[in-house]
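Could you put together the complete structure from these sequences and hints?
Chains U and B supply the protein sequences, listed in that same order.
The first sequence runs 116 to 515 under this note's numbering.
The second sequence runs 34 to 1003 under this note's numbering.
Treat the hints as calculated values from the structure; they're not laboratory data.
No residue lacks a Cβ here, since even glycine has one placed at the ideal position from N, Cα and C.
Errors might be hidden in some of the hints.
[What the hints assert, rightly or not] No more than 20 Å apart at the CA atoms, straight line, and that leaves these computed lysine to aspartate or glutamate pairs for EDC-like:
1) K342(U) to D842(B)
2) K210(U) to E171(U)
3) K702(B) to E320(U)
4) K702(B) to E333(U)
5) K630(B) to E756(B)
6) K429(B) to E380(B)
7) K342(U) to E187(B)
8) K837(B) to D345(U)
9) K556(B) to D576(B)
10) K342(U) to D196(B)
11) K702(B) to E330(U)
12) K236(B) to D196(B)
13) K837(B) to E338(U)
14) K556(B) to D626(B)
15) K283(U) to E704(B)
16) K429(B) to D376(B)
17) K236(B) to D215(B)
[Said to hold, decoys possible] Pulled from the structure, derived: some chain B residues nowhere near chain U, Cβ distances all over 12 Å:
18) T57
19) K235
20) L312
21) P319
22) E380
23) L411
24) P499
25) D559
26) L796
27) K835
28) G843
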Amino acid sequence: MNKNHRVPSSRSLNAVEVKSKFGAEFRRFSLDRSKPGRFDEFYGLLQHVHRIPNVELLVGYADVHGDLLPINNDDNYHKAISTANPLLRLFLQRKEEADHGTFGTDSLTRKKNTVLSAVLLRPDHNKKKPPVIISLPKDFRPVSSIIDVDILPETHRRVRLYKHGQEKPLGFYIRDGSSVRVTPQGLEKVPGIFISRLVPGGLAESTGLLAVNDEVLEVNGIEVGGKSLDQVTDMMIANSHNLIITVKPANQRNNIVRSGVGGGGGAASGSSGRSSDSSASYYGYSSHSAAASIPPHIIQNFPVGELESDEDEEDLVIEAGGEAEPIRHMASNHSMSSLPRYEPHLNLRTATTSTFSINTNGTLPTSGSSSSLSNIKATTPSPDRAMERGSLEEDGPGRR
Amino acid sequence: MRAFLEVGIVLYTLVSVLGSFVKTVEHGFPHQPSALGYSPSLKLLAIGTRSGAIKLYGSPGVEFMGLHDENAAVTQVHFMPHQVELVTLLDDNSLHMWTLRGHNGLSELLEIGRFTLTGPPGVTAVLAHSSGELLLLGTEGGHVFVVEVPGFRELEERNISLDQVSSRNLEHVEALQENPVDPDQVIIGYGRGLMVIWDLEKKLAIQHIPATQQLESVCWTEDGKYILSSHSDGSYCRWMVGGQDMNEEEKSDIPYGHFPCKAISKIVQLPTEEGPPFLLFSGGMPRASYGDRHCITVIHGKTHVALDFTSRIIDFFVIRDGPQRTDPSALVVLVEEELVVIDLQTEGWPIIQTPYLVPLHSSAITCSHHVSTIPLKLWERILAAGKHQNAHYSKKPWPITGGQNLAPDPPQRDLLLTGHEDGTVRFWDASGVCLYPMYKLSTAGVFHTDADPNDNMNQGTEGEWPPFRKVGCFDPYSDDPRLGIQKIHLCKYSGYLTVAGTAGQILMLELNDEAAEQTVEAKVVDLLQGQEGFRWKGHTQLDIQEDPVMFPAGFQPFAVVQCQPPAVVTALTLHSEWKLIAFGTSHGFGLYDYQQKNSVLIKCTLNPSDQLAMEGPLSRVKSIKKSLRQSFRRIRRSRVSLRKQHLQEANARLEAELAEMELAPVQRKIEARSSDDSFTGLVRTLYFADTFLSDSSHNTPSLWAGTNGGCVFAYMLRLPSVEHRADEPVTAQLSKEIQLMHRAPVVGIVVLDGHGAPLPEPLEVAHDLARAPDMQGSHHLLVVSEEQFKVFTLPKVSAKMKLKLTAVDGSRVRRVGMAWFGSSRTEDYGESGLLVLTNQGDVHVVSLPHVKMQVQYPCIRREDVSGIASCVFTKHGQGFYLISPSEFERFSLSTRCVVEPRCLVEAPLHSGCSNQHQSQPDGASSTHRYINLEVSLFSSLNMKSANCIYKKRVKRQRSGLVDLSVNMAV
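Here's what the structure looks like:
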């Protein structure tokens, strides 16, 4: 994606012509193509030339294909500069008025080819086909991940499905079946549990990581061998808020090809702390706030604390103080002064708001991300993690 | 670290000192009995079942149980005369020899040999010869084989082949009887009707008796002079023995004659010291008009009664008493659903109440409730109330008196209450091995019901022929299913009882030693609380009798609450100290003050999107059922056993087909529970506690309710002081609402005191029977959902500890109970634990307050859904569950409280007969031999295989439980 920096073109033109539009006003200036500087400097410059020093801006530009793309970090800023040909057209919006939907791909330009019309056209005018929405990176959150690639045999896949209390169904069915195992006595047919159906539009289908006839080997680290279909169903439902299933895919062609030492034996034993990292690398996006400890191309974009909160969903307690009628009251409840209070809050299920709002909630241990991350690392691959979990929870952060 | 250490100690004590798992005894009536046997010398009764079990009963408390390895029905049971051995014939044509072997001063039932006749002809008749050495086996082909026992050696030279008797095809051997005065003579009855008296010594036929009708049974009279034969056309004949060429019957009769009659399947004639003999026979009813009745006719002099049973007759025998042991004293009849014993010496032939083998299912069991350690006073009052009800029973003692009950007296008085579909609650003495009926409460009298008053069981009119008399209590047809009892709660200290039923009715009853006439006040409680868009499509509520009703001594209702809509009551609890009851349905819950007789609180828990709960489930099905019920009632009653048989055969066939067929696999959807699921508002559990609900310094009475949707409501109760209790109102105020995030149904709520022990029952402390709870330390709330055990702090509810059962092993909590595990080593040490039964049929013990899993035992097959649903735990680590509609299995997890049969049966002394095969108590090797003709080559291994069989039997009895001690001993 955007980490693929291209060497600035060898064009002789050293200056980039910038045409910036904010509301009805245009400003023109130029930048040195070889020294574009940092994004925040550029951002300050824009506020300066438009004389809107305190206005939060959303910066977009038209790329070579005529798509309106955002500029909000160094990477995409550099990309914009380097691909300007030679004119760089910028479109500024107030953040509070920002219409994220306008960042679109081809649908806009295929129609009219003029970037200007793409900006002026509101989505509701565009009746034929709603544009594909690309939300801001911080709105991204993982819906699934492949984890523990380094400790599992290549033929197995451990998939984590994040329910996040959203309404989208997990959307799959399981059935009984039999699989063939290699034993010292030769081939042997043993009973197994298989995925029998994926619901169209469901979480399982949308990940592309699970398929019909995949054999289910483990649920949240516990082997399903010897368990009945009903037991496995109940285990999955009990873990549905954070379901980790290890499957043996029916189609073995799409397996991850590993290079170097890790790929060899595929030893399923041993614990590794890298599980969360690997998951992040698959679904990472650039972020200006990436911590220094994390390689710049890997983005911890989703709130890490959320992973942990999934581990321990908190129950909702409503204290009915006398005549007080309980009201749902989600945002900014650091100060628990008013009645009614939510004690260990975080009603994941009813939170139809995006994770963005949960983030700003402040009650989640986002700041302690690295420590809580290590908790996950310790617990995830351990076979008897269920036992450990109980004790971990009691001293885990963010709990009372 | 400290917590860990504590857990370690708990684990150690629980397993080694406090608990172990055993299934101890089966209470009730064996499911599908198929054979009956009786030993007059041992005074023991034996019942074989279709599932291959053999059960022996003697005097109350004396019982033995064995299970054949083959899963085949027992078709015949014969005690070896004057011995402790018995022979069973299974429908796979195998014969089995069992003995009662002495071991450590106790007897145990043991299989010691088996025998299968080579060749295809099946065994149709068995005669255990009075010498105790011979077994005569009549076969389908008409041959009679003579086999020496206990070795099962075939005496080929003594066999009676068909051509020695007659050249005609005589069909199978229907009956074999020994001459009571000459053991060398036996009569062989063939299917076609011919009977032959055969001399075993001389090996020749003495007399041919040429009956012409298909033979059903043969009986030799006591003096050996006559033979009675019964036939398939409903006739019986009497033949003189020893006369020359007596080809004419002396007497022939079709008792219910003129029109065609059904077969007389068994006939017995018994003399009396003085006076006319007794003639008893089963069947023989006129085919067209009464062909569907199950009757035994008893004729004695001028008295002629046709005992009319409610289910199919399996077999019967007569117990004889008197100085010469000749007078018939009691008739014992095994019918498909019960054992009936009739006193033949008392005028009117009343029924003798059975101390065991009581049909628990005389009306289907709908719920059960166990109360431990009943105070003596209440116990006696209930017994007294029960005595009034048993006035019609015979005063004669129980006639089957074999064996000695060596079990120690039960340490406490325990009561098991069962609720039934017909609105009755039965009280059983569950202290010992015999589940003895104490008292029966009927709630139907409070209501007007659909029951047709003319359609009762006693329709005996004067001069009716045949002279029917209804006997037996098995009546599975409820007149009105709304009367069904769903929840029971008894306070053993105050004697208050509350029962709740299918149509949302809740009755408050108190024990009254006198009969009393009273009007019952009803209070209708609207649980919907203005919830819109609701239309109840289920049954209507029951109508209360407005007129005063006469209630017999015992529990008498004094208040009735009726929920509106009249949905089945799903949770019920009683606090006798506060005089409050709480009840819940699928719509909400309510709190009722039974002193002031008014409603304190009503809470609707209905989710507006829950259509299923809104409309009432299965409503249409029910209404059809109801309309058809009355018109078909009589027909159904008559055909019940017939149809049952057909059904079973059809089911067996279907099962076999299914097993062969490759079915499309079953799929299960994986979806998180959502708030829109059905019946989230259904109230699953209610609990009263005096605890710290609002602040940590003042404890207050509180009511807790848990729903199917994982929601817990806590109400703070304000009770007026004792002197104002009657006039000031009780108030309830919502204090807390907890929504469990995993949304699994809440099945149990318990408050633990500062020591981590559950709060005592109401009035327990007041009666000095429990330690006062620790009110100094902080209390904890334990919420048990189907998936998790969670401990919260109080008064501020925050999660402290939890155990995620379902996430770990995929099982779900079905039943939960608190139990006190007393140590078997020291009197005063014990611990509280949580007993949990899962949907996998496993019993777990979970320690408190740490909620750690301690031990796990497989208990019930996971497919046995009704068994799992019927399980109740006692407060002392025992439990009961239904293994069939009519039988409770009792199990024990405690080492201190084990109720199991311990009994001794001594071999009878030489009672007139030459008998060398006395079985010495304490297992002489002769009784311990294991003989199997098919494996006789391996005779040196006999001892070993006997042990193997024994081990297998033990294992099967305990349904897969590997008993370590047995395994190691072998």
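Now the hints, each set against the structure:
1. The straight-line distance between the Cα atoms of K342(U) and D842(B) is roughly 8 Å, inside the 20 Å bound, and the hint therefore holds.
2. Proximity of K210(U) to E171(U) is assessed by CA-CA distance (about 5 Å); at most 20 Å being required, the pair is judged to hold.
3. Taking the CA atoms of K702(B) and E320(U), the gap is about 14 Å. The hint holds against a cut of 20 Å.
4. Under the criterion of a C-alpha separation no larger than 20 Å, the hint pairing K702(B) with E333(U) is consistent with the structure, at around 17 Å.
5. About 17 Å separates the Cα atoms of K630(B) and E756(B), which keeps this hinted pair within 20 Å; it holds.
6. Annotation: proposed proximity of K429(B) to E380(B) holds, straight-line Cα distance about 12 Å (limit 20 Å).
7. Only pairs whose Cα atoms come within 20 Å are accepted, and K342(U) paired with E187(B) is rejected, the gap being roughly 50 Å.
8. For the hint linking K837(B) to D345(U), the alpha-carbon distance of about 17 Å falls within 20 Å, and the restraint holds.
9. Of the supplied pair hints, the one linking K556(B) and D576(B) holds, its CA atoms being roughly 12 Å apart against a limit of 20 Å.
10. Proposed proximity of K342(U) and D196(B) is contradicted: the alpha carbons are some 61 Å apart, above 20 Å.
11. The straight-line distance between the Cα atoms of K702(B) and E330(U) is roughly 15 Å, inside the 20 Å bound, and the hint therefore holds.
12. Note on K236(B) and D196(B): the hinted pairing holds, with a Cα-Cα distance of about 13 Å set against a maximum of 20 Å.
13. Distance restraint check for K837(B) and E338(U): the Cα-Cα separation of roughly 16 Å lies within the 20 Å cut-off, and the hinted pair is therefore satisfied.
14. Using a Cα cut-off of 20 Å, the hinted pair K556(B) and D626(B) holds, with the two alpha carbons roughly 11 Å apart.
15. Restraint check for K283(U) and E704(B): satisfied, since their Cα atoms lie roughly 10 Å apart, inside the 20 Å limit.
16. Taking the CA atoms of K429(B) and D376(B), the gap is near 7 Å; set against the 20 Å cutoff, the hint holds.
17. A distance of roughly 14 Å separates the Cα atoms of K236(B) and D215(B); the hinted pair therefore holds under the 20 Å criterion.
18. T57(B), annotated as away from the interface, keeps every beta carbon of chain U farther than 12 Å; the closest lies near 28 Å.
19. At roughly 64 Å from the closest C-beta of chain U, the C-beta of K235(B) stays outside 12 Å, upholding its exclusion from the interface.
20. Non-interface call for L312(B) relative to chain U: holds, since the shortest CB-CB distance, roughly 58 Å, exceeds 12 Å.
21. Listed as a non-interface residue, P319(B) keeps its Cβ farther than 12 Å from every Cβ of chain U; the least gap is roughly 53 Å.
22. Residue-level check passed: E380(B) sits 60 Å from the nearest beta carbon of chain U, beyond 12 Å.
23. Under the 12 Å C-beta cut-off, the non-interface status given to L411(B) relative to chain U holds; the minimum distance is some 39 Å.
24. The beta carbon of P499(B) is kept farther than 12 Å from every beta carbon of chain U, the shortest such distance being approximately 54 Å.
25. For D559(B), the requirement that its beta carbon stay farther than 12 Å from each beta carbon of chain U is met, with the minimum near 22 Å.
26. Separation of L796(B) from chain U is adequate, the least Cβ-Cβ distance of about 30 Å exceeding the 12 Å criterion.
27. Taking the minimum C-beta to C-beta distance to chain U, about 7 Å, the non-interface status of K835(B) is violated against the 12 Å cut.
28. With a least CB separation of 3 Å from chain U, G843(B) falls inside the 12 Å interface cut-off, contrary to its annotation.
Violated hints, listed in ascending order, are 7, 10, 27, 28; each of the other numbered hints is respected by the structure.
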